[in-house]
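Residues per chain, in single letters:
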Amino acid sequence: MKHTISVLVENEFGVLSRISGLFSGRGFNIESLCVAETLDPTISTMTIVTTGDDMILEQILKQLNKLINVIKVIDFRDTDYVSREMVLVKVNADEKTRAEILRMVEIFRGKIIDVSPRTYTIMITGDEEKLKAFLALVRPLGIKDLVRTGPVAMARGDKTLKTKEKQPKGGNGDG
Amino acid sequence: MKKTGAQILVESLVAEGVDTVFCYPGGATLYITDALGECDIRQIVVRHEQGAVHASDGYARASGKVGVSLVTSGPGATNTVTGIATAYMDSIPLVIFSSQVNTALIGNDAFQEADIVGITRPCTKYNYLVKDVKDLARIIKEAFHIARSGRPGPVLVDIPKDVSANMTDFKYPDKVHIRSYQPTYFGHPGQIQRAMRAIASSKRPVLFTGGGIILSGASQELTKFAEALSIPVTNTLMGLGGFPGNNNLFLGMLGMHGTYAANMAITESDLIIAMGARFDDRATGKTDEFAPHAKVIHIDIDPTSISKNIKVDIPIVGDIKNVLHKMLDILAEEKDLFKGFPESIGEWMKKVAKWKKDFPLTYQKNGGLKPQYVIERIYDLTKGKAIIATEVGQNQMWAAQFYKFLKPRTLLTSGGLGTMGFGFPAAIGAQAAFPKSLVIDIAGDGSIQMNIQELATAVQHRLPVKVVILNNGYLGMVRQWQELFYEKRYTWTSLPCPDFVKVAEAYGAAGYRIDKEKDIDRVLKEAFSNNQPTFVDVPVDPEECVYPMVPAGASLKEMLLV
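As you go down the protein sequences, you meet chains A and B in turn. Counting in numbering that gives the first Met the number 0, the first sequence runs from 0 upward without gaps. Counting in numbering that gives the first Met the number 0, the second sequence runs from 0 upward without gaps.
Just so you know, the hints here were simulated from the structure itself, not pulled from any lab data. Here the structure is a predicted model, which means the values were calculated and not measured. Don't take each hint at face value.
[To be verified] Calculated lysine to any residue pairs in the SDA-like style (CA-CA distance at most 25 Å, straight line):
{"id": "1", "chain 1": "A", "residue 1": "Lys61", "chain 2": "B", "residue 2": "Glu220"}
{"id": "2", "chain 1": "B", "residue 1": "Lys174", "chain 2": "A", "residue 2": "Arg25"}
{"id": "3", "chain 1": "B", "residue 1": "Lys515", "chain 2": "B", "residue 2": "Gln531"}
{"id": "4", "chain 1": "B", "residue 1": "Lys285", "chain 2": "B", "residue 2": "Lys515"}
{"id": "5", "chain 1": "B", "residue 1": "Lys338", "chain 2": "B", "residue 2": "Arg196"}
{"id": "6", "chain 1": "B", "residue 1": "Lys517", "chain 2": "B", "residue 2": "Leu368"}
{"id": "7", "chain 1": "B", "residue 1": "Lys130", "chain 2": "A", "residue 2": "Ile4"}
{"id": "8", "chain 1": "B", "residue 1": "Lys307", "chain 2": "A", "residue 2": "Phe12"}
{"id": "9", "chain 1": "A", "residue 1": "Lys65", "chain 2": "B", "residue 2": "Arg196"}
{"id": "10", "chain 1": "A", "residue 1": "Lys65", "chain 2": "B", "residue 2": "Leu416"}
{"id": "11", "chain 1": "A", "residue 1": "Lys65", "chain 2": "B", "residue 2": "Asp134"}
{"id": "12", "chain 1": "B", "residue 1": "Lys325", "chain 2": "B", "residue 2": "Ser436"}
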């Protein structure tokens, strides 16, 4: 079962390796991982797509939370959320197919961002299903190259990735 | 006034109340070494960096304070890894200062350079590379805070040589604030209520407690709670000492080499009350058949320990001492809830008592000198008041079974990682923390040789630790598995050892050998009172095995008995 998790982390060197090390050290899967700065430049968001049953996912969430640099972990399981990914795909394009490709790109609201005598490079954004459908359409033309960003996700509605700090739950913090 | 990084380090250690450090010098430590030379902190120079970390670990386990070690870059740093991993598995608060090559050289494969922050990332609670001397004081403050708070653990601080030489204004911070690190100390009141109701309605409850009791300082509260309700208690290896080993309610250790009563009580229980135990495979046996009839309450400060190996019905995240206080309050305030107690579990108490009586820990008394007997004698002679370190293997299991640990922090043992060579340097560290206490390392002839060089440290610093070597001429625990499961093919496990008496004497320590059972008391008494580091070589029955034994992968009720 696929799960999408967002992790707010301190924007410091070494944090990515702590997260990826956690996944590899404990045998968890990473399907995709996407990292970039947030509104607050001291914080980065990582969007991780992982697989596993409920018990494994529970461990992943807890283990992520336990890392010192992790500010917040958002599990989208119980939330209504939107998720989008971008794909760059370079396909064969000759006189016979160019018009057809252009139409498909338009239908899927993509863009052609580079052109050569024999190829088009197409940029297309969407959720997993849409990308799958588009790639299935262009595959017969011959895909020369393909790069995906991996999805990023956000809760629907007014909910935000509030960067509220982990709350102390009693104690003086000094054990 | 401006100070160098090395001076800042020294003053920060003083500000943290550090009285003893375990260290080994090298090129990259020179500024630090020089600055430490002028302060009052006791500096115990070891003979191998692994020994430094184990010694600081023993110091921390025995005293409850943060253990501190300082080593050089490259090999000095990599030699600490086993020590760090040992402390990490057992949640021991340590701060390890490694030196690093100059910042300008980092990444250039410089002489004695190792990426120790990268290497130790998975076996530290946290680690730092200090890139600017201005960050040093804050990082040290954070390192001590992270090491000792929440679920404790080792923190490594890597200091490049130029950072230790550079100067900046120094003020040690009063407060730490790490926005992404806020451990949970108080358990959820609703969950605690649920747990208390489950306990009140249980018929066959067992308290299953681990090292968390000791780390949290909750031993008295646990004893009070168990006694108030007459609930039997079993400990994991790490939990020994957290509940008095001579208390009537004590079942002994559970697990692979646990007592019959403890393993049967878990198997037949209807309610496991786990506290500060992480359901390690050596404690649970086959997890599918662990406590098949029981609901599980689990109190732990680390949420990742909950429902990791065993599914938990009532989780409580918090510091055990706080949670136990709350539970004791409920006990006092809600008398109705526990009206029927302990009569309602009377049958269970009888059953448990019968297991204890019918299947006590025992051993065959014929043949050569028995290692179990040696440990029984150590217990009697010390009246349970010594600090006992162990190595790993049969010596460790026999010590856990036959020495009754009466108080917390009297057993220093590598439980999680199972590090041979841990006990001796750990004993040295404990002796440094408690110069007047009797500190005994129960060792085997295999594991003592893994850090035997530290005898020079003990002699130099006048730390009169006693090492009782249960010498069977084998790596006994592995040999036992070969005997039972590999048709007695003793490949790699029959290792000749040196004359330990002569080794001790060569180092300037005392050495004794016990050949006959009747000499045990006399020699041990002499060894324990001679005020010198001492090896006692005890040639024991070479093929003695540790029983009971639950074979790997079997369930707890499938015990091989003597």
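Cross-check of the supplied hints:
1. A:Lys61 with B:Glu220: violated, 28 Å
2. B:Lys174 with A:Arg25: violated, 34 Å
3. B:Lys515 with B:Gln531: holds, 23 Å
4. B:Lys285 with B:Lys515: violated, 41 Å
5. B:Lys338 with B:Arg196: holds, 12 Å
6. B:Lys517 with B:Leu368: Roughly 10 Å separates the two Cα atoms, so the pair holds.
7. B:Lys130 with A:Ile4: violated, 32 Å
8. B:Lys307 with A:Phe12: violated, 30 Å
9. A:Lys65 with B:Arg196: Roughly 30 Å separates the two Cα atoms, so the pair is violated.
10. A:Lys65 with B:Leu416: Within the cut-off at roughly 20 Å; holds.
11. A:Lys65 with B:Asp134: Between Lys65 of chain A and Asp134 of chain B the Cα gap is close to 24 Å, so the pair holds against 25 Å.
12. B:Lys325 with B:Ser436: violated, 35 Å
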